[in-house]
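A.B. asks: Below, each chain spelled out in residue letters.
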Amino acid sequence: MQEGAADPGLYPFRPYRNRPKIEWPNGKTVAVWVSPNLEFYELDPPANPHRKSWTKPHPDVVGYGHRDYANRAGHWRMADAMTKYGFPGSVSLSVALCNHIPEVVEDANARGWEFFSHGIYNTRYSYGMDEAQERAIIEDSIRTVRDATGQTIKGWLAPALTHTPRTLDLLAEYGFDYTCDLYHDDQPGDVNVASGRLISMPYSLEVNDHYGFFVYNMSPREYADTLIRQYERLAAEGSASGTVMCIPLHSYLIGQPHRIGPFEEVLRHIAADGRAWITRSGDIADHYMRSFVKEVAA
Amino acid sequence: MSLDPAYLQYARRRYGMDHDLYPWSNLFERAAPDLCGRRVGVVIVVNVEWFPITPADKPFRAPGHMQTTYPDYRHYTSREYGTRVGLYRFLDAFAARGIRASFAVNAAIAERYPALVADIVAGGHEVVAHSTDMNGTIATGVPEDEERALIAASLDTLEKIVGKRPRGWMSIARSQSWNTPRLLAEAGLGYMCDWVNDDLPVRFATAAGSIVNVPVNHELSDRQIITVQQQSADSYVQQMQDATMVFEREAARFGARMLALNVTPYIMGLPYRIAAFERLLDWLVARDEVGFLTTGEVADATSD
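Residue numbers (this note's numbering), protein chains in the order written: chain D, 34 to 331; chain X, 6 to 309.
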């Protein structure tokens, strides 16, 4: 990015009209990927000078306990619903989960899920890191996930969405294919980086379960209805040029007993519809990068 | 710009939890307790709270506390409405259906309104200690002696008026300090209701011995669904029914599940909401695989 500039220069501007047509495999119109955030939050993390972790004095019993619910109960409820309807996960992973609770990571790996990095812990932020420190968390992520799963991570979602001006350049330099940190489009596209190639993978804040339940305060059925509307629109528009729909999840939210039932209905709806390429973020990136050469800023 | 190198050191990055309070465990792999022989044990926890019109902000102001400039008649009296009127709607609803519930009671309620506590006890319900009054909040920063004295004051007052020492504790806003689990165990309490990390009770280790946590899911509370998320009582009922059906299905394969209904007299006890809650109770009572038990009975069913 252009550090300090009013326009950070993240990507070429491309209006939604007259783009080269994206054709997903087998004539599907919308690539649907589900992104479980498999996270570990620390009970007593050190303070980052730029952002507080817990809003309360440590221990934040409710905040921590709520997140810990994911790794004791919510994960399996969410994962079984996904498996039942044929949705693989593309995991936004706090890589320290590989150390703390390898059982959850092994379960996801055994289900054929892809992993990308969401930092070391969701309580350690990138704000304020120098280049060596940021390289250290990228290299730690690559090594930790490879050791735990045999997979080489191809994507990044910054820990707790905390970035530095050099994050995207470093990801490209380390050979990553995609970032989930930019929210400017419903289709993949190239990101401006100093070297190599990096694309933006449409993730979502708006239909993220965290936004649904804790920003928009939706009931479980309202959230399910929101996902179906999002899907129907993107599947329809994708007949002109393929779109991407991401469903970002946190099992401490979607894996709660009052929410999982309505969510299963969403998965059933999408799986039965026929227009969805139900896939993983890395497969979407591979397909896009093979189909289009790197786009250069005008 | 750079961060203190310590920020990239992870002293507790190891197998298991980053603390020693309880070990990691998968809900779907561990043996479930016997919850009155039913697939789903419903635990109703009613919060009975007295808010002084002079709120204290140390260590923090309790949810539901005074909001306007002093004197806040609006919130003082609305909370009292719950205690005077709403609470009796709950007691009548439970009596009509033969349900025994758990009441998390401020000691000040017992001191000020002993007749009300007598009515709770007469209904066969369990009294859970819920601090002194709604100024009795706990968080790290409260001196250990003060916290110990607050716990003792709550238990002593409740014992005197209830006639029995409470066996369980619920902190205001479920907020604890680093010392709380140990101080509760030290005070002889068998269980607490503050941690929301599981659908079944979990045994915690402290330097003063072990204590069970009976999870009272804040996500399923009327405060969260109705007051915070601004959903209707009908939506609340539907969500509890959805949760019950998920638990019934899971229990058939994995063992009993506990459904915690945390309700508040000044929220769910209002005339325009109580009928929805009664409808939920009727629906639950009619289900073969659902039973009701108290927090203490859940704690008793927890293995060592």
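I should point out that these hints are in silico values taken from the structure, not numbers from a laboratory.
Any given hint might turn out to be false.
[What the hints assert, rightly or not] Computed list of lysine-lysine pairs in BS3-like fashion (alpha-carbon distance at most 27 Å, straight line):
no.	chain 1	residue 1	chain 2	residue 2
1	D	117	D	327
2	D	61	D	327
3	D	117	D	61
4	D	89	X	63
5	X	63	D	85
Here the structure is a predicted model, which means the values were calculated and not measured.
A.B. asks: Please go over all the hints and tell whether each is borne out by the structure.
C.D. replies: Hints and how they fare:
| no. | hint | result |
| --- | --- | --- |
| 1 | D:117 / D:327 | violated, 37 Å |
| 2 | D:61 / D:327 | holds, 23 Å |
| 3 | D:117 / D:61 | holds, 21 Å |
| 4 | D:89 / X:63 | holds, 13 Å |
| 5 | X:63 / D:85 | holds, 20 Å |
Going through the hint list in order, the structure does not satisfy hint 1, though it satisfies all others.
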